[in-house]
Structures are given as structure tokens and as C-alpha cells.
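A.B. asks: From just these sequences and the hints, can you work out the full model?
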Amino acid sequence: MSQRSFAVSVGLVAVIFVIGVLALGTGAIPVAPLDVVRTLLGNGSRITNFAVLDLRLPRVLIALAVGAALGMSGAVFQSLSRNALGSPDIIGFNYGAATGGLLVILVFGGSAFSVSVGALVGGVVTAVLVYVLAWQRGVRGLRLVLTGIGVSAILQAVNFYLIVNAGVADVTRATVWLTGSLNNLGWPQLWPPVVALFVLVPALLFGARWLEMLEMGDETARALGVPVEGSRVYLLVVGTAACAVATAAAGPIAFVALVAPQVAKRLTRSAGAGLLPAAWAGALLVLAADFAAQRFAGNLPVGVATGALGGVYLGWLLWRRR
Amino acid sequence: MSVTAPVSVAGRRAFGLVCGLVALVLVALLSIAVGSRSIPLSVVLDVLFARDGSDSAFVVWELRIPRTLIGIAVGASLGVAGALMQALTRNPLADPGLLGVNAGASTAAALAISVFGLTDLRVFVWCAFGGAALAGVVLYAIAGRGGASPVRLALAGAAVSAALTGVTQAVILLDQQALDQMRFWTVGSLERAGWTTVVEVLPFLAVGLLIAFAMGRPLNALSLGDEAGKALGAHLGRTRLLTLVAITLLAGAATAAVGPLVFVGLAVPHMVRTFTGPDERWVVLYCAVLAPVLLLLADVLGRVMAREEIDVGVVTALLGAPVFLWLVRRGRA
Chain A
22 MSQRSFAVSV GLVAVIFVIG VLALGTGAIP VAPLDVVRTL LGNGSRITNF AVLDLRLPRV
82 LIALAVGAAL GMSGAVFQSL SRNALGSPDI IGFNYGAATG GLLVILVFGG SAFSVSVGAL
142 VGGVVTAVLV YVLAWQRGVR GLRLVLTGIG VSAILQAVNF YLIVNAGVAD VTRATVWLTG
202 SLNNLGWPQL WPPVVALFVL VPALLFGARW LEMLEMGDET ARALGVPVEG SRVYLLVVGT
262 AACAVATAAA GPIAFVALVA PQVAKRLTRS AGAGLLPAAW AGALLVLAAD FAAQRFAGNL
322 PVGVATGALG GVYLGWLLWR RR
Chain B
11 MSVTAPVSVA GRRAFGLVCG LVALVLVALL SIAVGSRSIP LSVVLDVLFA RDGSDSAFVV
71 WELRIPRTLI GIAVGASLGV AGALMQALTR NPLADPGLLG VNAGASTAAA LAISVFGLTD
131 LRVFVWCAFG GAALAGVVLY AIAGRGGASP VRLALAGAAV SAALTGVTQA VILLDQQALD
191 QMRFWTVGSL ERAGWTTVVE VLPFLAVGLL IAFAMGRPLN ALSLGDEAGK ALGAHLGRTR
251 LLTLVAITLL AGAATAAVGP LVFVGLAVPH MVRTFTGPDE RWVVLYCAVL APVLLLLADV
311 LGRVMAREEI DVGVVTALLG APVFLWLVRR GRA
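Those sequence lines, one after another, are chains A and B.
All the letters of the first sequence, read from the start, carry residue numbers 22 to 343 under the working numbering.
All the letters of the second sequence, read from the start, carry residue numbers 11 to 343 under the working numbering.
Just so you know, these hints were derived from the structure itself, not from any lab.
One or more hints might be untrue.
Listed next, with one range per pair, are the computed distances between beta-carbon atoms [what the hints assert, rightly or not]:
| no. | chain 1 | residue 1 | chain 2 | residue 2 | range |
| --- | --- | --- | --- | --- | --- |
| 1 | A | 149 | B | 39 | 41 to 47 Å |
| 2 | B | 284 | A | 128 | 36 to 42 Å |
| 3 | A | 204 | B | 317 | 45 to 51 Å |
| 4 | A | 333 | B | 58 | 50 to 56 Å |
| 5 | B | 340 | A | 333 | 34 to 40 Å |
| 6 | B | 72 | A | 212 | 43 to 49 Å |
| 7 | B | 224 | A | 130 | 53 to 59 Å |
One-sided and incomplete, this derived list gives chain A residues near chain B with beta-carbon spacing under 8 Å [stated by the list, open to error]:
| no. | residue |
| --- | --- |
| 8 | 111 |
| 9 | 166 |
| 10 | 196 |
| 11 | 200 |
The C-beta atom is built at its ideal place from N, Cα and C for all residues, glycine as well.
C.D. replies: Written out as C-alpha cells, the structure is:
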């Protein structure tokens with residue numbers, strides 16, 4: 022990691038801490054920033070312990086975990102496809118995860134845990150499907166992306182079909198989940214993504230050394246001794262798993278996987294994948310978007326806020342790159 | 011030989027078009043006959059020519075015929091819009107659904123319903139035009155000047171539709187009361203189309219189709235490249251503007267009528283070109299006839315495939331996506 026990447030990471034963590042403290046202190050029971058810090062260090066009163074630790078901390082931590090997972094997943098996919106738009110939400114893996122989750126909610130009426138499992142399975146199955154369909158004596162990044170767009174169109178249609186034909190009560194639950202929401206999440210929902218990240222982060226960082234060489238082109242990578250197809254499959258699997266874990270925890274939160282790596286890239290001014298800066302940027306985006314959506318938009322799901330931000334960013338990106 | 015050859019080509023094209031029209035009539039009859047209450051074809055023909063006041067006559071005239079007409083109109087519109095987009099952007103993957111134009115129309119319609127409480131089709135069809143035009147201009151800004159590769163355009167389209175779909179979703183969440191009404195626009199369905207829809211949307215579609223037919227010749231000229239097109243007497247700016255207007259009218263009105271449909275405009279122009287060759291006038295004409303055949307078939311399939319009716323938007327996506335994937339695999343992108 023370059024000096025600049027390190028500095029950017031430290032800066033992002035500092036901003037995350039500030040917004041995190043604000044988020045922990047805001048709500049029906051307001052807590053002053055200093056008291057929040059005091060409470061986090063274990064010196065809180067009964068009321069601040071309840072508000073900060075029991076009520077708000079799990080939500081903030083889930084936001085960070087989900088954002089980091091999405092940021093890294095996006096960095097992997099954008100690097101593999103060599104395209105800023107090749108993020109998992111554009112190429113359909115989170116539509117697949119959504120299909121899995123929706124099937125559980127609407128058809129099997131499952132618990133929150135089984136919704137997560139459904140999302141995970143849906144995301145991975147979609148990734149395998151896209152990869153098989155795009156295979157033609159190897160897989161090139163752009164064909165992978167276009168295949169993903171085609172498959173995601175099918176999945177979106179399936180998702181809409183499931184929603185249209187469900188009862189109104191289920192539809193509301195499904196629509197909120199489908200938008201990406203951290204509402205009503207607590208400590209029990211925190212552990213699955215955190216445990217998954219403990220496995221996935223090392224796995225992703227292990228694959229990152231190939232990522233930079235793959236970016237130079239298959240021929241160059243091969244000459245440098247990279248097992249091209251094998252490493253690509255490996256990165257696709259762990260990248261998809263990261264995206265699916267995030268989707269399983271909070272529903273498909275739009276655009277974070279697309280935006281976070283780009284933000285990180287601009288801040289670090291590096292050409293490479295920069296997984297860790299992307300993770301911090303993703304965490305910051307989800308945390309800030311959730312805080313803004315709660316505070317200023319009447320407790321809207323965080324996916325609405327990231328969707329709006331992402332739309333603006335996307336317009337700018339497209340305008341600049343034409 | 012060299013004198014008769016063009017005549018026989020024109021004859022072959024005309025014969026093909028007649029075959030297409032026959033197919034359209036047959037599928038339309040099928041669409042009128044098949045449904046949750048199937049009506050024998052002989053009865054359909056009887057009540058078509060003599061409304062006898064029976065239940066069958068009611069179903070045929072009040073439900074099936076408007077639905078079929080809207081299917082034909084929307085199919086023709088989206089097929090022609092797809093052909094125009096492919097010609098304008100010189101991009102084989104262009105489709106008003108895939109590139110987000112339909113999503114733009116439905117987002118604007120959803121906003122009109124939720125924010126301004128407009129439910130009158132005559133009013134919010136204009137909002138749909140606005141949304142379609144905006145999405146079209148954004149896409150064209152990216153694709154214009156022949157600069158965007160098919161891949162970039164397809165990506166940009168996917169991204170724009172993702173953003174717009176997100177906005178629609180947000181509107182639905184914010185406005186629980188309008189949720190039920192707007193579920194209609196998130197998927198695309200002919201189910202609710204009635205005579206009022208037909209009457210109110212048809213003029214826009216007709217104007218759009220007329221402009222499209224008129225654009226055939228200049229688009230042919232431009233297909234040789236901007237410079238050669240100019241040399242052949244085509245006005246670059248005027249042709250592009252009018253083509254965009256036609257796409258907006260067609261995709262916007264079609265979406266206002268039935269919701270956003272993906273892939274209808276993608277496959278048909280490709281199939282058509284293998285038969286007609288690259289002449290845009292014939293491509294547009296054929297698309298206007300054959301795209302409705304596909305859309306009506308998709309609608310009929312959706313009615314018989316499952317116990318609960320499957321919306322046509324789902325069926326077209328299921329049928330169209332494999333074509334898209336095939337085009338990608340063949341390296342046309």
C-alpha cells in the first residue's frame with residue numbers, strides 16, 4: 022500500500038468515526054458526542070448505555086460491515102471487467118441475491134435468517150450462471166458484464182413477478198427489503214455479516230495480488246505467472262460472496278459497490294484496485310447515507326438515499342466519460 | 011438480369027410483409043380467443059361481425075379486443091423505437107427498454123401519480139414523454155457523435171435504468187397508497203388496458219410511427235457515416251432530432267399505456283434485417299408488423315403458462331434476454 026493510500030484510509034476512518042459518533046448520539050434519546058465516546062469506552066450511564074450500545078451501535082456496525090463488503094466487491098468486479106460500470110449491482114448479482122431473498126419472503130414465508138441464506142444462495146447461483154453463459158474459451162471482462170446485464174433483466178422480471186403476485190402485507194415487507202434497509206436491525210443480525218467478513222476479507226486480500234496483474238491484460242498476466250482463468254474464478258467467487266453477504270444482511274443497497282471503489286480511486290489517485298480504501302469508502306457511504314435517511318428523510322430505507330446519490334454520481338460519470 | 015433483380019427483391023419484401031400481416035391477424039385472433047375464459051374461434055368470429063349481447067361478445071369487445079389492440083400498438087411502437095435506436099446509435103444492442111428510456115417514462119409517470127396525484131392517462135402520458143425524452147437525451151449525449159462503443163452504451167443504459175428503477179422504488183415506498191396502482195408500472199402488463207387507453211394513447215403512437223417512416227430515407231443515408239450522409243443530402247441535426255422525437259413518442263406513450271417493457275425492440279430488428287437487408291424503410295415497416303406478433307404471442311403465453319396470469323413484461327424479458335445473450339456471444343456487441 023502506497024503512502025497516499027494509507028493516508029486516505031486513515032482519513033476515511035477518521036470521518037467514519039465522526040459520523041459514527043453523530044449517528045450514535047442522534048435519535049429519540051439524544052446523547053452528546055463526548056458522552057457517546059465515554060459510553061463506547063465503557064463509562065456510560067444506564068440511559069446512554071441503552072441508547073448507544075443496545076439501540077444504535079449494532080445498526081452502525083451493520084452499516085459499516087455491509088458498506089465495506091460492497092466496496093470491496095465493487096472494486097473486484099470493476100477491476101475484473103476493466104470498467105467503472107462493471108459493478109455487481111449493474112451486472113445483476115444482487116438482483117440474483119434479491120431473487121433468493123424474495124423467494125424466501127414471499128413463497129416460503131421464512132424468518133430473517135432464512136432470508137439471508139436465500140439471498141446468499143441466489144447471489145452465488147447467479148454468478149455461476151453468468152460465468153457459464155459468458156464462457157467462450159475463457160471469459161473476457163466485457164462479455165461478462167454484458168451477459169450480466171442480460172441475466173439481470175431476467176432476474177428483475179422474476180423479482181417484479183414475485184412482488185406483483187404477492188399479498189399486500191408481504192409486498193410491503195419485500196419492497197422495503199428490496200430497497201435495502203437497516204431499519205429494525207439489532208445485535209442478532211450483526212453476527213452473520215461480521216463472521217462472513219472475517220473469512221472474506223483475508224480471502225479478498227489474498228486474491229488482490231492477482232487483480233493488479235489481471236488489469237494489465239491476460240497476456241501480460243500469464244507472462245507474469247498468474248493462473249488467469251483460475252484466479253478470475255477465485256476472485257469472482259469471493260467477490261460475489263462479499264456482495265451476497267451484504268445483500269443478505271440488509272437487502273440490495275443500490276450503487277455503493279459502483280461508487281465506493283471510484284471514490285477510493287480518485288482519493289488515492291492510484292490505478293490499481295485498492296481493496297482496503299474501497300472498503301472504507303463503502304463503509305462511509307452506507308453509514309452516511311443511513312444517517313442522512315434516518316435524520317432528514319423520515320426514516321427512509323438507506324437504499325433510497327444511496328440510490329439518489331448514486332444516480333447523481335452516475336450521471337456525472339457518464340457525462341464526463343462520453 | 012440486372013434490371014429485374016431489384017424488382018424481384020422488392021417483390022420478395024412485399025410478399026414477406028403480406029405474410030407478416032397474415033401472421034399478425036392470426037395472432038390477434040388467438041389473443042382474442044385465449045384467456046382465463048377461452049372462447050372458441052368460431053364464436054370469436056361470430057361476435058366480431060355481430061355483437062349479439064352474449065357474455066362472449068362482452069368479453070371479446072370490452073376486454074380482449076382493447077387488450078389486443080393495445081398489444082399491437084405497443085408492440086409496433088417498441089419494435090420501431092428499437093429499430094430507430096439501433097440505426098441512430100449504430101448499436102446492435104440498442105433497445106428502449108434496455109437503455110432506460112422506458113424506465114425514464116415509468117419513473118416520471120410514478121412521480122406524477124405520487125407527487126401530483128395525477129391518475130388521468132391523458133395528463134400523465136405527457137409526464138411519461140418528459141421522462142422518456144430525458145432518458146433518451148442522456149443516452150444520446152453519451153452515444154452521440156458515434157463516440158460510444160456498443161458496450162459502453164449498453165452499460166450506460168443498464169446504469170441509467172438501475173438508477174431510475176431505484177427512484178420508482180423509492181416513490182412506491184414513500185407512497186403506500188399508490189403502491190398498488192404503481193405496481194402496474196414496475197412490470198409492464200396489458201391486463202388493465204381498456205378502450206380509454208386505446209383511444210388516448212393511439213394518436214401519439216400514430217404520430218410517432220409516421221415520423222419513423224419518414225426518417226427511413228435520411229437514416230439510410232446516415233448509416234454510411236455522418237460525412238457520406240451529409241453528401242447524400244441528409245440533414246444530420248434534423249434527422250437526429252426527429253428520430254429522437256419519434257423514439258420519445260413511441261416509447262413514452264407505450265410505457266404510459268402498459269408500463270416499461272424490456273427487449274421488445276431488441277430482437278425484431280435483427281431478425282428483420284436478415285430478411286430485408288439494411289434498408290431502414292423496410293426495417294421500420296417490418297418491425298411495425300412483426301414486433302406486435304411477438305408481443306401478442308408473449309401476452310398469450312403469459313395467460314396460459316400458469317394458473318395466475320404472468321404479466322407480459324415478465325414473458326418478454328424471459329424471451330428477449332436469451333436473444334440478447336446470444337447476440338453478446340456471437341460477438342455482435
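A.B. asks: Against the structure shown, which of the earlier numbered hints fail to hold, in ascending order?
C.D. replies: 3 and 6
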